[in-house]
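Residue numbers (my numbering), protein chains in the order written: chain A, 1 to 152; chain B, 1 to 429.
Since the hints were derived computationally from the structure, they do not count as laboratory data.
Watch out, some of these pointers could steer you wrong.
Not everything, but these chain A residues come out facing chain B in the computed CB check (under 8 Å) [to be verified]:
#1 Glu34
#2 Thr43
#3 Gly45
#4 Leu46
#5 Gly47
#6 Ser50
#7 Leu108
#8 Gly123
#9 Trp127
#10 Glu129
#11 Gly130
#12 Pro134
#13 Ala137
Computed Cβ-Cβ distance ranges for the label pairs, DEER-style [claimed, not checked]:
#14 A/Arg29 with B/Glu332: 29 to 35 Å
#15 A/Ala107 with B/Asp178: 40 to 46 Å
#16 A/Glu25 with B/Tyr53: 16 to 22 Å
#17 A/Asp66 with B/His340: 29 to 35 Å
#18 B/Thr297 with A/Arg29: 52 to 58 Å
Computed from a predicted structure; not experimentally measured.
The beta carbon of each residue, even a glycine, is placed where N, CA and C say it ideally should be.
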Amino acid sequence: MGKQAVIGIGNPLRGDDGVGPRVVEELQRRTLPENVSLLDGGTGGLGLLSLLENGWQRVILVDAADVGRAPGEFVRFTPDQVRMARTEHALSIHNAGLSDALALADALGRRLPQMVIFGVQPGVIGWREGLSAPVEAAVPRLVAAVLRELQS
Amino acid sequence: MTTVNISVHHVTRVEGHGDIVVDVKSGEIRECRFEVVEAPRFFEAMVRGRPYYELSHITSRICGICAVGHATASLRATERALGVEPSEQTQLLRKLNFHGEMLDSHVLHTYYLVAPDFLGVGSVIPLVNTHRPIVERALKIKKLSGDLCAMVAGRHTHPIAMTVGGFTHLPTEQELRDMQARLVDARADMDETVALFSTLDWPQFERETEYISLQKDDEYAYIDGRIVTTDGFTYPIEDYRQVTNEECVPFSTAKWTHHNRESYMVGALARLNNNFDQLHPRAKEAAAKLGLKPLTTNPFLNSAAQVVEMVHCVEDAIEIIDELLTRGIQPEQPPEVTVHAGEGVGACDVPRGTLFHNYVFDDDGICIEANCIIPTNQNMANLNADMKALLPQVLDRPQDEIRQLLEMLVRAYDPCISCSAHYLKVEFV
Numbered sequence: 001m002g003k004q005a006v007i008g009i010g011n012p013l014r015g016d017d018g019v020g021p022r023v024v025e026e027l028q029r030r031t032l033p034e035n036v037s038l039l040d041g042g043t044g045g046l047g048l049l050s051l052l053e054n055g056w057q058r059v060i061l062v063d064a065a066d067v068g069r070a071p072g073e074f075v076r077f078t079p080d081q082v083r084m085a086r087t088e089h090a091l092s093i094h095n096a097g098l099s100d101a102l103a104l105a106d107a108l109g110r111r112l113p114q115m116v117i118f119g120v121q122p123g124v125i126g127w128r129e130g131l132s133a134p135v136e137a138a139v140p141r142l143v144a145a146v147l148r149e150l151q152s
Numbered sequence: 001m002t003t004v005n006i007s008v009h010h011v012t013r014v015e016g017h018g019d020i021v022v023d024v025k026s027g028e029i030r031e032c033r034f035e036v037v038e039a040p041r042f043f044e045a046m047v048r049g050r051p052y053y054e055l056s057h058i059t060s061r062i063c064g065i066c067a068v069g070h071a072t073a074s075l076r077a078t079e080r081a082l083g084v085e086p087s088e089q090t091q092l093l094r095k096l097n098f099h100g101e102m103l104d105s106h107v108l109h110t111y112y113l114v115a116p117d118f119l120g121v122g123s124v125i126p127l128v129n130t131h132r133p134i135v136e137r138a139l140k141i142k143k144l145s146g147d148l149c150a151m152v153a154g155r156h157t158h159p160i161a162m163t164v165g166g167f168t169h170l171p172t173e174q175e176l177r178d179m180q181a182r183l184v185d186a187r188a189d190m191d192e193t194v195a196l197f198s199t200l201d202w203p204q205f206e207r208e209t210e211y212i213s214l215q216k217d218d219e220y221a222y223i224d225g226r227i228v229t230t231d232g233f234t235y236p237i238e239d240y241r242q243v244t245n246e247e248c249v250p251f252s253t254a255k256w257t258h259h260n261r262e263s264y265m266v267g268a269l270a271r272l273n274n275n276f277d278q279l280h281p282r283a284k285e286a287a288a289k290l291g292l293k294p295l296t297t298n299p300f301l302n303s304a305a306q307v308v309e310m311v312h313c314v315e316d317a318i319e320i321i322d323e324l325l326t327r328g329i330q331p332e333q334p335p336e337v338t339v340h341a342g343e344g345v346g347a348c349d350v351p352r353g354t355l356f357h358n359y360v361f362d363d364d365g366i367c368i369e370a371n372c373i374i375p376t377n378q379n380m381a382n383l384n385a386d387m388k389a390l391l392p393q394v395l396d397r398p399q400d401e402i403r404q405l406l407e408m409l410v411r412a413y414d415p416c417i418s419c420s421a422h423y424l425k426v427e428f429v
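Could you build all of it, start to finish, from the sequences and the hints given here?
Shown next, in the form of C-alpha cells:
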C-alpha cells in the first residue's frame with residue numbers, strides 16, 4: 001500500500017462541524033503505520049483539491065454530513081455511491097466544501113486517489129466549541145472504523 | 001408601474017445566514033437586507049478565559065479563507081498588549097505569508113466567482129468546458145499561494161507555526177529559493193490574469209463613498225500602520241472604535257458600521273484608493289490596463305482591484321524573499337514573554353478589508369475581554385447603500401437581469417457569509 005491520508009474536515013469552533021478534526025486529534029494519539037499521514041483539512045473548500053492531489057494512494061475523509069441519520073450516527077461511502085449537494089453559483093467563496101472540490105476535480109478529469117468518506121450526522125452546528133454529546137460519544141467508534149479502514 | 005419582487009436566497013448550509021431579500025413595489029425599495037457571518041457575536045465567548053498563547057490558534061479557525069489574517073491580527077493584538085516586539089525576520093516572514101493568503105483568496109474570488117458572471121456561465125464547473133485554460137491557471141495560482149503559506153507557517157488553513165513573537169518553524173533558504181523561482185514563473189500567469197480581467201465588461205455604476213484602510217509610510221499596508229480614510233481622517237489603530245462605530249440594525253444580527261458618511265467601504269478597492277502610490281510598479285501597470293486609479297468609485301471594480309493586488313503580492317513576495325536570502329535565515333526562537341495585565345489592538349488589511357482584534361489580559365495573561373470586527377460587517381451598510389442606489393437605475397430591465405446584477409454586486413464584495421460551515425448534504429443514489 002502506498003501513501004495514505006486521513007483528512008478531518010470541519011471547524012472546531014462550529015460545534016459538530018468539528019467532528020473531522022476531532023477524530024484526527026484522537027488518531028494522533030495512536031501509533032499508526034508509517035505510510036499514514038493525518039491531516040486537519042479545516043474548512044479548506046476548493047483548497048481541498050490540492051490536498052487530495054498529493055500523491056496519496058488512498059484518502060479517508062471524515063466530515064460532518066447530512067446523511068439522514070440520528071446525530072452521531074455515521075455512514076461510510078465512496079464518492080461514486082452518492083450524490084452530494086453542491087453549491088450553485090454562490091455569493092461567496094466561503095461556501096465551497098468537499099462536494100464542490102470533488103465536482104471541480106471531476107469536471108477537470110483530475111485523477112484523484114481512492115477515497116472513502118465517513119459522513120457523520122451532526123446534531124448542533126453553530127458557533128460553539130466542542131461536539132454535542134451524541135457526536136462526542138461516537139468518536140471512539142469513528143476512530144475504530146477509520147483504523148479498520150486503514151488496515152483493509 | 002414596475003412591480004418587481006426578487007428574493008435571492010443564499011444557498012446556506014447553516015440556517016440564519018445570508019439572504020438578500022430585495023422587495024420592490026411600484027419602483028420603491030421596501031426591503032433590502034443581507035445577513036452575514038455571526039462570528040463576531042461569539043468572538044469573546046471563543047477566547048475569554050484562554051491563555052494568550054492560544055488565541056491566534058483559536059481565532060485562525062474563524063475563517064477558512066482568512067486563517068492567516070485572523071492569526072496575524074490576533075498575534076499583533078497580543079504582542080501589543082504584552083509588549084512583545086517581533087524581529088525583522090519575523091515581520092518579513094509574516095508579510096510573505098500574508099501575500100500568500102491574499103493571492104489565494106483573490107484568485108479564488110476573481111476566477112471562481114467573478115469570472116463566471118462575465119463569461120456567461122453559472123459557475124466555475126461549466127467554465128471548465130468553455131474556458132478550461134482559465135480554470136487550470138486559477139488552480140495553478142491557488143496551488144502556488146497555498147504552498148507559499150505552507151512553507152512559511154504550516155498549512156494555509158491552519159498556520160500553526162505562527163506564534164506570539166515569531167515562528168516555531170522556519171523555511172530553509174533552499175525552500176525560499178524554490179518558491180521564488182515559482183513566483184517569478186507566475187508573472188506570466190499574472191499577465192494573463194490582467195489581460196483576462198481587462199477585457200471584462202464591468203457594470204457601469206458609480207457611487208462615491210468613504211474608503212477606509214490601513215496605511216504605512218514605507219509600504220502598501222497589510223499589517224499594522226494607521227487607519228486612514230479618503231475623507232481625510234487618520235487614526236491610530238487603538239482608536240478603531242472611532243472609525244467603526246458599530247450599531248445594531250433591526251433586521252440583521254450583524255452590527256453595521258459608519259464613519260463620516262452613512263457607510264464606508266473596506267477591501268482591495270479601498271486600499272488601492274488610499275495607497276495607490278505604494279503599489280509595485282508592475283501592479284500600477286496592471287491598474288492602468290484595468291482602468292483603475294484613485295479615486296475609483298465603481299464597487300464592481302473591487303474585483304479588478306484584487307487583480308492589481310495579486311500582481312503586487314507576487315512582486316513583493318519576490319522582493320521579500322530576496323531580502324530574506326540576503327540577510328540569511330536566522331535560527332531565531334520566539335522571544336520569552338513576560339506575562340502581565342494589558343490591552344492591545346491588532347489590525348490587518350485582510351483580503352476583504354480591515355480586520356481588528358482587541359484583547360484585554362489579566363495578570364496571568366488570560367484573556368478577560370475581547371472584540372473582533374471583520375471587514376464584511378464593515379461593508380454591509382455600504383453594500384446596502386449601493387443596492388439602494390443601483391436598483392432605481394435598473395428597474396426597467398428584466399427581472400433575471402436585475403437579480404444577476406444584484407448578485408454580482410454582492411459578489412464584488414465577496415462577503416464572508418457562512419464562512420467555515422461547509423458540511424455535506426448527501427443523497428444516496
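Status of each hint after checking the structure:
no., hint, verdict
1, Glu34, "21 Å, violated"
2, Thr43, "3 Å, holds"
3, Gly45, "6 Å, holds"
4, Leu46, "6 Å, holds"
5, Gly47, "6 Å, holds"
6, Ser50, "5 Å, holds"
7, Leu108, "6 Å, holds"
8, Gly123, "12 Å, violated"
9, Trp127, "4 Å, holds"
10, Glu129, "7 Å, holds"
11, Gly130, "11 Å, violated"
12, Pro134, "16 Å, violated"
13, Ala137, "19 Å, violated"
14, A/Arg29 with B/Glu332: 29 to 35 Å, "31 Å, holds"
15, A/Ala107 with B/Asp178: 40 to 46 Å, "30 Å, violated"
16, A/Glu25 with B/Tyr53: 16 to 22 Å, "18 Å, holds"
17, A/Asp66 with B/His340: 29 to 35 Å, "48 Å, violated"
18, B/Thr297 with A/Arg29: 52 to 58 Å, "56 Å, holds"
Of the numbered hints stated above, those contradicted by the structure are hints 1, 8, 11, 12, 13, 15 and 17, listed in ascending order.
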